[in-house]
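Turn these sequences into a full structure, and let the hints steer you where they fit.
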Amino acid sequence: MKRKIFILSLTMFTIVGTWAYDFKSGDLCYNIISENEVEVTYEQNATAGNAAYISLVGTVNIPQTVSYNNITYNVTEIGEEAFNYCSEITSLNIPPTVTSIAENAFYGCSMLSNIILSENITSIAYGAFWGCTTLTNIIIPNTIETIGSHAFYGCSSLVSVNIGNSLKEIGNFAFTNCTALTTINFPESLISIGDKAFQNCTALETVDLQNTSASIGTYAFSECEILSSVTLPNNLRIISEGTFNRCPSITSITLPDSLKEIHYGAFQYCTGLTSITLPDAVESISSYAFSDCSSLVSVNLGNGIQLIENRVFAYCNQLFSISIPASVTQIGDRVFEGCSMLSSVTLPDELTKIGKFTFAECTSLTSIDLPDNMTNISESLFENCTGLNTIVFPDSIKNIGYDAFYGCTSLTSITAHPTNPPTIKSGTFGYVDKTIPLYVPEASIELYRTAPYWEEFSNFRALSESTNITQTTSEQHIYQMKDKLCNPNALTITIYDIQGRMVYSGNDTEISLPMRGVYILETVTGTQKIMF
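Here the sequence shown stands for residues 74 to 605, numbered as in this note's numbering.
Bear in mind the hints are in silico, worked out from the structure with no lab data behind them.
Incorrect hints may have been included.
Straight-line distance between alpha carbons at most 27 Å, and here's what the computed DSS-like set of lysine-lysine pairs gives [stated by the list, open to error]:
(1) K426 with K333
(2) K429 with K471
(3) K471 with K426
(4) K426 with K557
(5) K498 with K557
(6) K333 with K241
(7) K557 with K471
Here the structure is a predicted model, which means the values were calculated and not measured.
Okay, here's the thing in structure tokens:
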């Protein structure tokens with residue numbers, strides 16, 4: 074008896090599930106969703122796979138009303154997957170009674186080139202026109218507030234999108250891989266652009282969001298190869314991860330004063346970007362934000378930045394100078410690694426930590442003034458800085474990490490102010506000439522001479538030998554006091570850096586030089602190399 078009941082139940086289930094719609098009228102099928110409303114749905118049994126009107130060809134006109142069992146219904150929705158893979162439909166007319174287009178409604182309609190949306194539609198759902206590869210343009214009515222995720226994903230022939238003035242949200246991946254898209258307008262009503270919404274829109278040239286209040290999702294405009302003009306919202310607070318990653322045609326961009334954070338890889342591989350100025354409101358720059366921007370020449374960090382994370386400017390190999398503001402207390406790992414043209418670096422005394430490899434392979438760097446409050450020099454900090462010719466360690470230095478100056482083969486002198494030799498490791502000065510002058514406090518020469526790994530050096534000299542400069546007569550006495558060069562007799566002097574570039578000419582009694590290092594001092598009596 075139990076077996077017979079099971080068979081009967083299974084038979085009844087099969088009969089009920091044969092069709093996925095309530096009734097058919099003309100060429101289209103419908104589900105009743107209220108007393109007087111229906112949605113257009115797909116034709117075939119869902120369990121057998123949706124063949125979705127395989128007989129439909131050319132233009133499809135969806136009616137405003139349909140009748141069934143002597144009841145007239147308004148057609149108000151186009152249901153999920155209603156026209157899924159209708160590959161022969163070329164044009165579609167949607168009546169004004171329709172208020173929503175459901176998920177994947179026209180998914181894969183590869184011949185659909187023209188569609189007129191109802192003025193009463195309020196939303197376009199997930200994947201509604203995904204893969205409509207011949208659709209060339211779309212007008213989004215003023216009534217639509219939301220374009221769902223993947224709505225126009227892969228519409229590779231879509232050239233222009235005209236968005237009405239009520240749109241609030243563009244979902245994730247909404248226009249991803251729309252490789253022909255050249256024009257899109259963003260209304261003032263817009264408040265959100267989703268993740269990867271316009272990723273790989275390789276024909277898009279201009280993005281103007283100035284009059285919107287839109288937040289911008291991760292990788293929203295990444296890989297837009299010819300995007301060259303970008304105007305950001307005036308109240309934007311965050312540039313999200315990868316927002317403009319791999320946009321090589323952006324040469325400059327103005328960041329709004331409201332900006333607080335720049336996230337991971339936001340402008341990475343923007344190889345055409347030449348300059349960037351951060352507003353004072355920016356507090357943090359996340360890892361890789363500007364890495365591999367190979368044309369970046371000028372960077373102004375602003376005065377509010379507190380944290381610069383890992384690799385932010387790594388391999389920006391045209392960047393020639395950088396000034397870190399006093400607000401910064403920490404710099405991450407590899408921040409300027411591979412910046413081969415970087416020759417001028419200004420570090421504030423407030424800076425207490427610089428991560429490992431931060432200046433590795435900065436081959437144009439000849440000298441650098443380390444902060445007075447720094448206690449540790451990180452692993453490989455200046456590794457393979459082959460142009461570095463002098464380094465001065467302030468009193469505060471206690472530890473110098475592995476390979477910190479490995480491969481700095483152009484070093485001509487080292488000056489160490491700490492009374493107690495800082496702890497160094499095997500390889501800290503790997504491939505550095507150990508016969509170069511090592512200037513240390515006179516009372517500490519023996520301490521350095523016997524300290525582990527310092528003992529490898531052979532030319533220890535007292536600091537006094539590097540800081541006082543005496544010319545041929547007492548009237549021409551010039552000397553260093555703290556961070557200034559003193560010229561008490563107002564002699565006319567000219568000072569050159571080690572590259573032969575003039576850094577000062579005049580007769581001031583106190584002279585500030587750009588940074589510590591080796592300089593050439595020229596007076597009427599001759600020239601002399603000095604350590605400052």
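Verification of the supplied hints:
no. : hint           : verdict
1   : K426 with K333 : holds, 22 Å
2   : K429 with K471 : holds, 16 Å
3   : K471 with K426 : holds, 13 Å
4   : K426 with K557 : holds, 25 Å
5   : K498 with K557 : violated, 33 Å
6   : K333 with K241 : holds, 23 Å
7   : K557 with K471 : holds, 25 Å
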